[in-house]
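*Asks:* In the order they appear, the protein sequences are chains A and B.
If you read the first sequence in this note's numbering, its first letter stands for residue 1, the second for the next number, and so on.
If you read the second sequence in this note's numbering, its first letter stands for residue 1, the second for the next number, and so on.
Source of the hints: derived by calculation from the structure; they are not laboratory data.
Just so you know, nobody snuck in bad clues.
Treat identical chains as interchangeable: a pair holds within one or across any two.
Here are the simulated DSS-like pairs of lysine-lysine, each with C-alpha atoms no more than 27 angstroms apart in a straight line:
1) 195 with 242
2) 219 with 290
3) 160 with 238
4) 176 with 100
5) 100 with 157
6) 100 with 124
7) 99 with 7
8) 212 with 275
9) 176 with 7
10) 82 with 219
11) 82 with 290
Remember, predicted model here, so these are calculated numbers, not experimental data.
There are 2 protein chains.
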Amino acid sequence: MSHSIRKIAVIGTGAVGGLYGALLAKSGLDVSFVMRSGLEHCRKFGFQIQSIWGDFTSQNISYLSSTKEISDDTDLILIAIKSTENFNLTSILNPLHNKKISILLIQNGISQELLLHALLPHAKIFGGLAFLCSVKLGPGRIHHLDYGDLTIAESQKNEKSMGISEELLAIEKIFKSAQVPIQLEEDLILARWKKLVWNIPFNGLSVLLNAKTNELMEKKSSLQLIRGLMEEVQTAAKMEGKKIEDDFLEERIRRTALMKPYPTSMKLDYENGRKMELNSIYHSVFQRAKNSNCSLPRIQFLANALEYLEEMNCNHE
Amino acid sequence: MSHSIRKIAVIGTGAVGGLYGALLAKSGLDVSFVMRSGLEHCRKFGFQIQSIWGDFTSQNISYLSSTKEISDDTDLILIAIKSTENFNLTSILNPLHNKKISILLIQNGISQELLLHALLPHAKIFGGLAFLCSVKLGPGRIHHLDYGDLTIAESQKNEKSMGISEELLAIEKIFKSAQVPIQLEEDLILARWKKLVWNIPFNGLSVLLNAKTNELMEKKSSLQLIRGLMEEVQTAAKMEGKKIEDDFLEERIRRTALMKPYPTSMKLDYENGRKMELNSIYHSVFQRAKNSNCSLPRIQFLANALEYLEEMNCNHE
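Please build the complete structure, drawing on both the sequences and the hints.
*Replies:* Laid out in structure tokens, this is it:
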């Protein structure tokens, strides 16, 4: 990647990748969407975004049917498939195996970049965390309901902090040009743990207790659950040398109280019979905790309960 | 209490007290039921039992409207109100405060006998644990669907084992005469902990995961939850010097697998908008664990989740 990004490809053009990709195309970048289905529809009608930032239809996106078609002069590949589909990455990324490319993976959870490093040994890998309320309405149609902030950081195979590189600044620049609120972090793993401080309690409890975020904030019992889970995330991070302050936990709680009533993405997945992101958000956390000899009984309990509910919710796509 | 029991009173004539009281009346004992409502109905039509042990209608029960009416020559008072109603015991038992009486409290949970010792300082207190599937259909109408075993032990204020007294044998005798399978235990608190090994996981999880016992037995995820909770009960008991063997836990699991599909009493309570027995089954366990400096994160998690569901289930009687 040169330090100026002109051409990007997007793999995973749903609620997250579709929105950011269309915003980047609107800002003037050369954008290709890799899509398994709906290409003809999108070529004909463009990509329609209904957004709190303004509605628009992108007519200048190219549509590709495979990663094989991604041209060699692409500066950045944005991957935003759901983490439940990560088992497909091996075949999706196979055509890129030997290439010196740059990848930005926008997903919840932790540890997924290790898979990318393994699949793409010559690539530069960046991780992104989206704080976004957005849904896919149909082929080429996204409804962006709230928020939209993106946090990005560079990933290293050894998971150490990479600081702020020129390449990271170049990625920041394209999102800034597209009017996306963006924040840089020096330490991707710390940033992922910090995101999990929110995702681990709110995603899981919203499903288990059939509750929106505001309902979980209203009761002493659920606040006790939230705090207990947050503290375990804090402990697990600490065992890896990633320090999260107590204040950070309380600030997350305060901010959530100010949010609009909102079903989490995991609750929407569950209600629609889709697979929940249990692997990236819960199981990867245990795997890491196991490696650092750390016991997480509350997170384990919540994860087992969600596994049970998912097994019983047999309506998977 | 003389060592021969002829006359008993029953407080709490629902699915448990109504069944055992009617069986004792049928066996020839002089039985009075203390009832707040439905007296006239029962006086007219008797107490109807539909039971796996044979259907019958008891016509020889007396009906009292208050504990004040319990005659002084009563040998044993059986208390089988739901533990969620225990806050009423102070006023219910007030007329008996100075009497030298014998009480058998049949309830789930732990610690309730301490309340009885406080309210009735001159009484002998016995605790009973029913393993019973039975429902109240209406005034004076009980449907006994399955099981029916009773375990009894004597209670001491200091919660030490009392061994098997003459009085305990006398209670055993009346239940044996009424064909109720009965078992004596030397240590009431150990017996209560052992019952909790089952109640803590199965009652709570059946509500939280909307599952019957057989469904909970079928999945690896729920079995992991069950075992984790059972082990915490075992630990809490151990902290009080009450030893429960690992084999006991596994045997409970094996036995449950052989049970008929069965919604727990807590699930029925929840579904019918009644209060769940959270105090006697969960909160009393924390209180005890706190006293012995024992952390129970899984039980705490389950209890908080149940509290939240109960608060949201606003249809309480």
